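Those protein sequences? They're chains A and B, same order as listed.
Everything in the first sequence is counted per this note's numbering, starting at 1 for the first residue and increasing by one.
Everything in the second sequence is counted per this note's numbering, starting at 1 for the first residue and increasing by one.
Read the hints as simulated data drawn from the structure, not as lab findings.
Wrong hints could be hidden among the right ones.
Straight-line C-alpha distance at most 27 Å; calculated DSS-like pairs for lysine-lysine [what the hints assert, rightly or not]: (1) B:Lys381 - A:Lys161; (2) A:Lys161 - B:Lys382; (3) B:Lys382 - B:Lys333; (4) B:Lys14 - B:Lys55; (5) B:Lys87 - B:Lys14; (6) B:Lys55 - B:Lys157; (7) A:Lys161 - B:Lys55; (8) A:Lys161 - B:Lys333; (9) B:Lys381 - B:Lys333; (10) B:Lys83 - B:Lys55.
Because the structure is a prediction, the values reported are computed rather than measured.
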Amino acid sequence: MNLIFFILATLTIVGTAAAMSLRSAIHCILALTIGLVGLAALYLLLGAQFVGFTQILVYVGAVAILAVFAIMMTQGASAPTQPILSSSWLTGVSVAVAVFAVLAWAIHASASTQTAQPQPEVSVNQIGAALMHRFGLPLEIMGLLLTAALIGAVILAMPEKKETL
Amino acid sequence: MTPDTIDQIFVISKHLLLGYLPSSLQPVVSAILSVVPVLVVFPLLFAITTVLERKGLGRIQNRYGPNRVGPFGFSQPIADGIKSLTKEDIIPRNADQVVHFLAPLLLVLAAFLAYAVLPIGRNMVITNLNAGVLFFFAIGSMVELAVFMAGWSSRSKYSLLGAMRAVAQMISYEIPLVLASIVIIMVSGSLSTVDIVNLQAGYTSIWPHWFVFTPWGFAGFLLFMVAATAESNRSPFDLPEGESEIIAGYYIEYSGFKFALFFLGEYLGMFATSGLAITLFLGGWAAPFSFLTWIPSYFWFFAKLLVLIAVFIWIRGTFPRLRMDQLMNLAWKFMLPMSLLNIVTAGVWHFMPAGIVRWLVCIALLVAPCLLLSRLLKQGKKLQVRTYRFAE
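So here's chain A without its partners, still in its complex pose (with noise of 0.2 Å):
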């Protein structure tokens, strides 16, 4: 199990610092996508099977999709010509270090970690009953914000009426 973990762990950290670091945008990309199934795999690890494939199928099916054709449509084919890290790297790594060192302490000081809990089987059934039940007023408000949104993507992607003289 631990090395299963270390390998899914490697390759998440490996594809997510590559998609800092390497040159081409939709390169980067496609590093990030590695990175994201990484992850899908660690929850899968975890036994959040909902979860994991849900990762997959909106990350790398939409997220990264919309990604690459945003990329693809705004910067073009041409590579980059500026360095890859920037002056202020400094401060960048400073920031992450210590949003990092927060993160770490929260989940080291929480309840969860501090006394051993046996892990909760959650079936897909569990989280649907959840959904319409207790959660179902967070549940209509994103199909709102998701209407909303589609909504926008209709009016932006509209040809405009032309001014007939």
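Knowing the structure of chain A, use the given hints to seat chain B on it.
Below, chain B without anything else, positioned relative to chain A:
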């Protein structure tokens, strides 16, 4: 040899073989023994399908198909395989080497992974995941990324255009595909493909319990098949890869074995989606009538798969290709509302008491909006009756 033994012959022989091994090796060998038959059978089915398709299309178009190579041309796949293996592998100088190499690999990987949750026979599934159908759709979404990678890395106008069209088509038709299967998930209460097939394996007198024999199941099956045709870029939805439109679309810069891999991946995707349609709607490995259950379950799965392949070939030879805007309009303006209505109909079916009223209400709920929607969508266009003149 009782019918049950013949039905379970592969399971029994696998357990026998595993019994001879030490228990440390057993999981690995069990996995290998489950996976290798899929890796062997489905590419063989791909080879047979290529020749069946060419001969079938030829007959539909009033000509012979290939008839030189073997008996009636049935060794054509061997000749095709040798040709594609020995062709020179040309990579454009401007192409993105790594991505160009990885795109066909990702496509074939995703296509093979999808077979892991299809129950080929009774107790014959590679892995019985609790979220099997979700796994299938997640893997299907990796295919779109592979198509985009292929089109982008070739650095060619035609391939990029073809890739964008193909990805737009695939993401548009993924929604009716998933919504049509949500009806089945709703009714069976489980995402596991094995559970869905087991629910359809009963009989009332001689009639089977397949989901396709209900109004919502039939509409769902039709929606699923149309969306599956579009997802695998098959005619009449093959604008991104049509020969006369865009030369070969996103795999225009691939030659030799990589082209064969794309071809293989596309057909394997078609088989996998047909397999899912069989699992969800057509009862999986269950026999059509209760007096036919002595025939083994894997025979019925492949028989249904061959019927669906024949329907795909038939549709390819019959319908003209859809233009891009017609294709997108069909997905978003017709199939999406119909699949949402299908979900409502399935809910109505579930809550009404059994009887003829339930059938009439559900059929009316599906047919009336279908007719109204198609009339509405036809209004802005001037369509005349087409007259055909055949060459004599």
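We went through each hint and held it up to the structure:
no.	hint	verdict
1	B:Lys381 - A:Lys161	19 Å, holds
2	A:Lys161 - B:Lys382	22 Å, holds
3	B:Lys382 - B:Lys333	18 Å, holds
4	B:Lys14 - B:Lys55	37 Å, violated
5	B:Lys87 - B:Lys14	39 Å, violated
6	B:Lys55 - B:Lys157	33 Å, violated
7	A:Lys161 - B:Lys55	50 Å, violated
8	A:Lys161 - B:Lys333	21 Å, holds
9	B:Lys381 - B:Lys333	15 Å, holds
10	B:Lys83 - B:Lys55	19 Å, holds
Checked against the numbered hints given earlier, this structure breaks hints 4, 5, 6 and 7; the rest are met.
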